[in-house]
Structures are given as C-alpha cells and as structure tokens.
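Novice: Line by line, the protein sequences give chains L and H. Just add 142 to the spot in the first sequence (first one is 1) and you have our numbering. Just add 142 to the spot in the second sequence (first one is 1) and you have our numbering.
The set of hints was computed from the structure by calculation and includes no laboratory data.
Pairs involving identical chains hold if they fit within one copy or between any two copies, as the list cannot separate such chains.
30 Å max Cα-Cα, derived BS3-like pairs, lysine-lysine:
#1 K662 / K645
#2 K662 / K165
#3 K662 / K598
#4 K735 / K671
#5 K645 / K735
#6 K598 / K735
#7 K672 / K662
#8 K671 / K645
#9 K735 / K662
#10 K672 / K645
2 protein chains.
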Amino acid sequence: MLPRVKRFLLGSPLRTTELHEQKLSKKAALTVFASDNLSSNAYATEEILLVLMAFPALLHYAFPISICIVVLLTLVVLSYGQLIRAYPSGGGAYTVAKENLGVGAGLVAAAALLIDYILTVAVSVAAGVAAIVSAFPVLLPYRALLGALAIAILTLVNLRGARESARAFAPPVYTFLVTIYTLILAGLYRSGAGSAPPATVQSDALNLSQLAMIFLLGRAFAHGCVALTGVEAISNGVQAFQQPVVRNAQITMYVMAAILGSLFLGLSYLATAFHILPKLDGSETVVSQIARQVFGESVPGWGLLYYLTQFSTMAILILAANTSYAGFPRLASILAADRFVPRQLANLGDRLVFSNGILVLGAAALALIWSFGGNVHALIPLYAIGVFLSFTLSQAGLVVHWRKSREAGRWWRFGLNALGALTTGLVLLIIAVVKFQEGAWLVVVAVPAVMLLFWKTRRHYFELQTELTLADFEKPRVARHTVIVPVPIHLNRVVLTAIEYAKSISRDVIAVTVNTGEAKTDTLLHNWKKFVEDVPLIVLDSPYRSVARPLLRFIGEIEDLRTDDKVTVVLPEFVPQRWWHNLLHNQTSLILKGALLFRPGIVVTSVPHHLGEMRAGRGREPRHAQ
Amino acid sequence: MLPRVKRFLLGSPLRTTELHEQKLSKKAALTVFASDNLSSNAYATEEILLVLMAFPALLHYAFPISICIVVLLTLVVLSYGQLIRAYPSGGGAYTVAKENLGVGAGLVAAAALLIDYILTVAVSVAAGVAAIVSAFPVLLPYRALLGALAIAILTLVNLRGARESARAFAPPVYTFLVTIYTLILAGLYRSGAGSAPPATVQSDALNLSQLAMIFLLGRAFAHGCVALTGVEAISNGVQAFQQPVVRNAQITMYVMAAILGSLFLGLSYLATAFHILPKLDGSETVVSQIARQVFGESVPGWGLLYYLTQFSTMAILILAANTSYAGFPRLASILAADRFVPRQLANLGDRLVFSNGILVLGAAALALIWSFGGNVHALIPLYAIGVFLSFTLSQAGLVVHWRKSREAGRWWRFGLNALGALTTGLVLLIIAVVKFQEGAWLVVVAVPAVMLLFWKTRRHYFELQTELTLADFEKPRVARHTVIVPVPIHLNRVVLTAIEYAKSISRDVIAVTVNTGEAKTDTLLHNWKKFVEDVPLIVLDSPYRSVARPLLRFIGEIEDLRTDDKVTVVLPEFVPQRWWHNLLHNQTSLILKGALLFRPGIVVTSVPHHLGEMRAGRGREPRHAQ
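In isolation and in its complexed conformation, chain L is listed as follows:
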C-alpha cells in the first residue's frame, strides 16, 4: 500500500537518462533567480521600523538607513560580478572559499549556507503567511498551521521534481513587480499631493546619548540588511545562462539589484511619509498598511489592487522559499560527494531530484516555523547572519584568487573584492553583535555544530575506507562450522525445520534450550529422541526465569571454547499473518538477534516460518527431496 501512496503523491519513477538541463535567457533567468532577493522587500523595511519605533523621533532615519543599505547592496553586487567572472561554472561560496582559503573556510561557508537555505524557507513562508493574514486577519491564530501546510506542499511539489521552470515563475514575479511599482508611484503621487498627514517630530531623541543613538541606528541598519539575502543566487547558477554566460549573468544581477534597490527605497520612503508603524503582534505587515492607505481608501475600485498586492507578495515569497528547495539539496549533494554529509544526500530519487535533501530541508524549516509559531519577527533575527558570513568568505576567497591570477585588470578586481570582503565582514560583525540576544546566538552556535558533524562524518567514511580496503586482503578460510540452534521448551515443526537446515550447513550442530522451571523438560527430551537423534540438546537451567541471558552466555562460551571455527546461530522464527500477532509471542529471537548484533564474528541466520501458509496452502514451503 505504501508504494502506491508514494506513487500517487510523487508520480511514477523517472529513468536516469531523462535527466537534462535547459539554458535560460536573461529575462527567464531573472524570474528564476530573483524571487529570493526581491521578495525580501516584503519584510526589510518593516525590520528597520521595528527597531526605530522604540524612539518615534528617530523614525525619519528609516529612509537614510535604507540608502546606506542600497550603497552596501551596490558594493556587494559589484563584488559578485567579479565572482561570476572568476567562476563561470557556478561558484557557490563553498567552492570559492574551499579552493582559495582552504577546506576549513569552505566548510564554514557550507554550514552557513545550509542554515540560511533553511531560514530562507522558514522566513519566506512565514512572511507569505503574514501577507495573507494582513488581508484576512481572521487567520492570525493559524499562522503556524498555514506555514506548515505551505512547507508540506512545497516539499511535495519539489519531491515530484518541479524543475525551475521559467514559464511558471514569470507570471507571479512580474505581477509582483507591476503591483509594487504601481503602489510606489501611486503612493508618491498621494504623498506629494499632500494626502499624507504631516510628520510630527518629537523631541525625546534629545534624551538619548550619542552612543545609544549610534547603537540604535546600527541595529536598525543590521535589521534592514535582510534586504540583501538572495543576492548570491545568480552567481550560484551561472551555468544555467545562455552564452555568453558571464555577461548575461552579470547584467541580470545588476538589473535585479536595481529593481531591489528602487523597490526598497520606495517602500521605505512611503512608510516614513505615511508614518506607518509595524504591528508587534504580526497582525498586519508594513507593506499591507502602505497598500491599504494608498489603494484602499478613497477610490473604491482600487481595493482590488490591495488584494493583488498581498497575493502577489505571498506568491513571490513562496517562490523565494522554493529556490532553497533547489539550492539546499544541490549543495548537500556536493558535500555528500566530498563525504562531509551522509552519502544518501547524493542519491537521485525516483523523480531525479535529491529527495533526501528536500526532505531534510522541509523537516528543518517545518520545525523552525512550528517552534517560532509562524512569527516572522521572531525568525528574522536568525536570518542574514549566515548570508553575510558566506558573502564575506566568498569575497575573501576572490581576493586570494585575484592575487594569484595573471589576468588583466586583476588589481582593481582585487581591490573591489577586498573592499567587499571588509565591508560585508564588518556588517557581519555588527549583525552578530546587535542581534545576538534576539536569536542570532542560535546561528552562532549552529555553524560550528554543523561543521563538527561535517568532520565527524568525513572521518567515519575515511576510517571505513581504510578498513575495507582490498589491499593486503587475505581470504578467510572457514575450517569448521559450529551451528547453535536455540530451541523452545515446547518442540514444534518450525524448530525441527530449523534443525534440519542447520544440519545441512554444518556437521557440527548443537541445540540448546532454557528451562525456566515452569514446564517439564521430560516431554521435550522424549520428543527430541523421537524426531532428532543426531543433534545434542543442552538444557540450561534458569533460576531467574530469564531466557535470553543464559542463551547469550552459552553462545559466548561456545565461541570462546572453539577458536578455529565460525559460529552461526540459527534462529527458528515465526512470521505471523498480522503484525499485532507479534504481541502474542515472546520475542526471544528478536532479543537474541539484537544482542548478537553486537558480538563480533557471530553469524545469525533466521529460518522463517510463515504462519498460516501450511493451512492456506498459498505459501511456498521449504521443498523436500523425493
């Protein structure tokens, strides 16, 4: 039944030969790679305001802070332009850092990226749910549930093998761009026409010391830096572009950055102009409040535009989460090939996707969404730290790369990337410090923890390889076989079948039974004489009524006694017709199997008897010779 359910949900398996890749035009690539980055507009402005609202007099700093962030964005994008040039085959932070800075740095980047992919899913889905909740406040208590549902659907769709299809991605991305630009233009017109209430600057800013003010503005800046998440997406996927790949990828990235910057500045300006404050309970997003003010009030038909804004915001956020479903499993499979994570993460599933990676990502994001109650504000402090860690490492890697390079113009590229590395490193430090208490410490702990797992895993595989090598392999020759058959106190045909099996694989068979004092051994001995003449039966007395312990002791003694042979334990086993029938039997053979698993050098053989097969006559009994 399970395989049928699986096939219904995931579709039929695909042949390995059906794997193929498709090259994207610039316009198509924008829709595929930009959603992660552009969707951060849904929460970036809100995060700045969230910090500043503690001192309303500082709220007008939101726009200048946004300008600072756009300057940072420009620097990062120019830096990444050089990364695309240096790694036209698609250099993720892991590859760049590993090649130029060593394996350790590469693994830091990989750990940061894996964590960030998970956070991208959790944050994007939570923000998408927030957009819907803003339009339909009745859904507020079901945030976590809605988020979990969205993740379940995303996981399923990706397990089915949703290729990153530009055709499917284009409508939501362009709808989002059109509605948000419309919102910004209409908002600018309205605020210019004086429909925005006048700003009232309060004087409590004077109560703040200069240091406290710098710290507060720094925090606001650090919070706003989530706008930059997803910038690296294009540099990871350069391979997917049409020729000339480098130029096309660079241009697409610059276009994306320009769109991001303009949207971000526009929304930050409007939020300040309309004096919008974030709702702490998450009942309405800042974007929703702007849209409600701009669209929702005077002109009645424009209300539709409001809903369009909310739905397209949700759609692009879901697409953003979806990009992680491509990135995480791909990175995990690269790490698996290098043996830093379990091999299974490199397995192509039935539908030619890295199913295990998709499942791990889905489960982790689900756990995050659930434990943070689907609350965006609670999740965001964890975010961005990993992004800036990988920014810094890849820029630093490029610095080394250009230093060794012999290319023309390597010196200004070196300078640009050095500036990029220094700046993003500084921002990383700021983020880690100001967000530490709010949750960033979780990531600060998680990165080394994940790295430890990498090393432990790698070491295990390495040791395994050394141990299993065929060099200096000497064939073991089995001189003698001792076979031990544990026998219950009530003899039955299943046991006798097992004894015959044991006799067929060795001439040295010992049967052993445990007498717990309840039943008499007379009948057993009588039946033994009648049915099995040629196998010695040893009766162990068990005053404490335990069956497994005396048997295990006996098996151990036999193994110690005979040094020149191989000990095989043959276990007669019932396989009942229904699973719950297992509850009706003492699971002695299961206990023995479990215990013998940890005894080196003992081979365990199960001779199964399928209950009901004799009666029903539909099974295949061990055949008898004529």
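Starting from the known structure of chain L, fit chain H onto it as the hints suggest.
Specialist: Showing chain H alone in chain L's frame:
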C-alpha cells in the same frame, strides 16, 4: 546501562524458589482487602449530591438515597457470602461465570473486571489527589501531573514486588477509620447542638414532573452506587485467609460492609445537615468541606484533625488503587493460561510478580488519568458499570450452581442469589442508561472490544498449535542449497568475507550486484576476477536507480527457477561503532531483510562486520585456518 537502571529501580532478580504465600487473620485481611471498598466513601456521597444539586429542593433526598444504597449493599454482601461458601478456593466473577454460565459469560465478566481494575486505579488516584488538592488548593492545576506521578510510583513499587503486606496496610486503614468516625461523631454532635445552619427548602421541586423527578432520583442513586465498588475483593481472595477460611472470609466481609454502610450513611447525613454542595471545578471534595466545617472553625487545635482526615483519605485511596495492582495481573495471568490474552502476561518477572500485567495496568490507568485531566467527576461515570456487570454475572452463576447442588439449604441460597442477580442486574441497567451519555458508553463499547481481542487471541494460539503440531511431521531434507550474496558496486573486504562464508555453507553460490549507472562496473569486474574466481557475479541494470527492487526480483526468480532446493540470502552487514553512523550508510541490507521476511521459504543470514574492530584490535575476527 539499561540493565543497571532497571536493577536500581527494581532491585535484584529473585529466584523462582523464593515464591511463597502467607495466611491472613481476619483483622489483617480487613486491612488488605477492605481499602478498595471503604475508600469509595471519599466520593460516593459527593456523586449523589452532584446530581441532586441541579434542583436544590431535592437535596434532602441524599440521605434516603443513601439508605437505599445501603440496602442494596446488604443484599449484595449476603449474596457474596454464598459465593464464598460455594468457591472457598477464591472464585472471581470470571471463574464463577465460566463454570456455570459458559465461557462467553466468563469472558464478559473478565472483560468487565479488567476494565474495572483500570478504572479503580484511575478513580482512586484521582480522588486521592482531590483530597490533597482540597487541603492545598494551589495544587489544583497540577491534578493530572500528580495523578500520573502517583501511578508511576505505584507501578514501580509493584514491579519491585510489594507483597500485600498486612503490617504495612494496617496503619493507614485504621487511621482513616478513626478519623472518619471522629468526624462523623463530632459532626453529629455539632448538627444536634444546632451549630448547623437551618435547612431552607425551596419550592422549585414543584416545577418538576413526576417522571423527571423519578429519573433524577434514579440518576442520583446510580451515581451513589459507586459506594459498592470493591465489595467483591474478599471473595476473590478467600485462599489468603486462615482456617476456617469460609467463616473467616464471610465474617470479615460482613464487618467491612457494616463499616462501609455506617460511614456512608454518616457522611451523607452530615452533607445534608450542613448543606454542603460539591464544587464543580473539583477544587474541594465534599468530605473536605464537611471536615472543614466540623473541625476547622471554632476550636483552633482541631485544624490538625482536618489535615489528618485529608491525608488518611488519600492514603486509603492509594491503597485501594494498589489492590488493583494485585488483582489485574492475577486475572490477566489466569486469562493468559487459558490463552485469551498474550502469553507474556503469565510470565513471572525478575521480582516474581507478573510484571507485564502491572505495566499494562499502569499504562492504561495513566492514559485515563491524563486524558481526563485528573478530574474525578469526569472519570466516575465510567466506573461502577463494570462492577455491577460482574456482580450480576457471578450471582447468576451461583443461581445455576445451587440449582445443580445437592447441599442442604441450597433452596434459600438459590433464592438469595437469584434476588441478588435480579437486583444487581436491574441496577446495572439503570446505571448503563442514566450514565450512558456521561461516559458509560465508553465502557459499553470497551467490553465487547476487549472480548473480541480475547477471541482473536485465543484463535491465533489455537491455529498456531494446530499448525506446529508434531503429529504427521515429516523431516524436510535439503537436497541443494543455493546461496545468493548481494554485493555493492564497490567491492570491499566485508563482502569478500561474506562470500567466503557463503562458499563454506554451499557449493552453489551466486553473487549479484546492481548497477544504478553512477559508478562503472569495470573496477568491480576486475577486482572480482582478482579476488573471487569461483563465484559467478551477475550485474543487474537499474535504470530507475532503485537497488532493493531489482535484487528482490532476482531473488524471487532464482527461487522460482530452482524447485528442489533451499535459497539462503547471505547479507554482508556493517555494524558501526556508534548508532548514528547508521545514518551514514544506505540501509540496503535492512530493506532487503524487511522485504525478505515476507517471502516464505527464504532463509536470511547476516554476516556482520564490526567497524573499528580491526583497527582497534579488541574484537574477535573470524579466525583463519593455518
């Protein structure tokens, strides 16, 4: 480590020969067997009031209803006196019903009793917690937790093998009797001295139709019948009495009933006299309210008596729960001997108690307490129905018994038990009807469900016995052995060891590997020629990348092809040093084992390789011949 924890909690195992029984005097027997019955005073009066308080004008009926219940008690006790006479070896309802009315009736009684043992634990523990909560209202939110804790401790103590020690039981039972009698006498004095406020009879009784009033009084009566729970305890344990057993047991039971009746009437009278109403939120019991009024107010030193009442009430309720820990496992072991429940319930554990029965009881009671939030009022409607079911069945069984008997006085005994059977049957019907909606339906459903399990279990064992019989057993002779060894695409020494093992048990070995297209088979074939000349290797292509499916198909084909032999699948297996290392390997051999378990006639052999043993040199490798 687990065995050490177990030993710490339960103590060292005991030898079978340490099992012995102890005979009880009447006084000792009273403390051992009466707690279940007498403890029902903690909630019986409260249950009557709970129904009547819907119409305050009817509250003064509480005392007359209590008198009716005491009349019923007298009848039941006299009936049970005859049961003791007829079954001096201890006749539980199961035995009596089975012998006289047939197996079906016996199983109804058994199902009812098992359910009632569980409910006794749950209700008594919940009521014990309620007594403590009444004294310390701050504990109210932790009722379920306290109940769960009490059950955990009871289970542990009984797993250690707490014999029903009369010496340990006497102090709490006698303290309870002394304090409650003191309470009643002091209360009577106070109410007589006029310190009780005058009763104000309201007139809303007139608004009730006669039918509705009868139904209401019937409900109150049905609720009060929980007072009778535990009456049967002595008749189950007649064996434990000193000679003359019948007379001693009868006298003890009559004394117990007299105490129960007087306490019950006393408490019901005081509750009416002091106009006490139950608290619906369970924050204070009726007994606690009586005690607070009688002891707590005027004379300051008497406050201590109040706490004594509450603690001794709790203590006797815990003892009552404890009696089920003797009764349930004993009945379960009798049923297990008759093969109606899993055999394991008849196993004597390390400490010479029926550990599995104790665990089942504890788990079931815990589940009940937890799902009803530790609320006595919610649990009680489930109670009593099983008790009266077994009352009715055992009295009916006695009717048949006396009819067949040739004893003097059998006719009046016949009449007495017939009256008993009819009356308890009628009460059973009333209880089932009026409490149906409140939760009794759960029991009405559970009894047949448990019976179905009895029959299904019995049938399974019966079929098993038929199938495994040694009559007409013909030795299977294995003519040929085919051994199949699944081999991974990367050859290693674990696999080669398994191949050598396979060769040692048969001359007909086939190795098989699956090519999923990722790795090249050239290296494998090269290594194969080098290390294994004499075993054919078959390569299966797997375009869908599945490993297990092609292997299983291949094994099935080989089995179909060769009709004159036995197929053994030898699986090379890793046993990693740490459990989590298992996550780092494809669990192909586990999947194969699971799938092959359901293929009749295929023997599965695991050749384990313990990782690290070679390197560490502390394990025992399969020995090689010189």
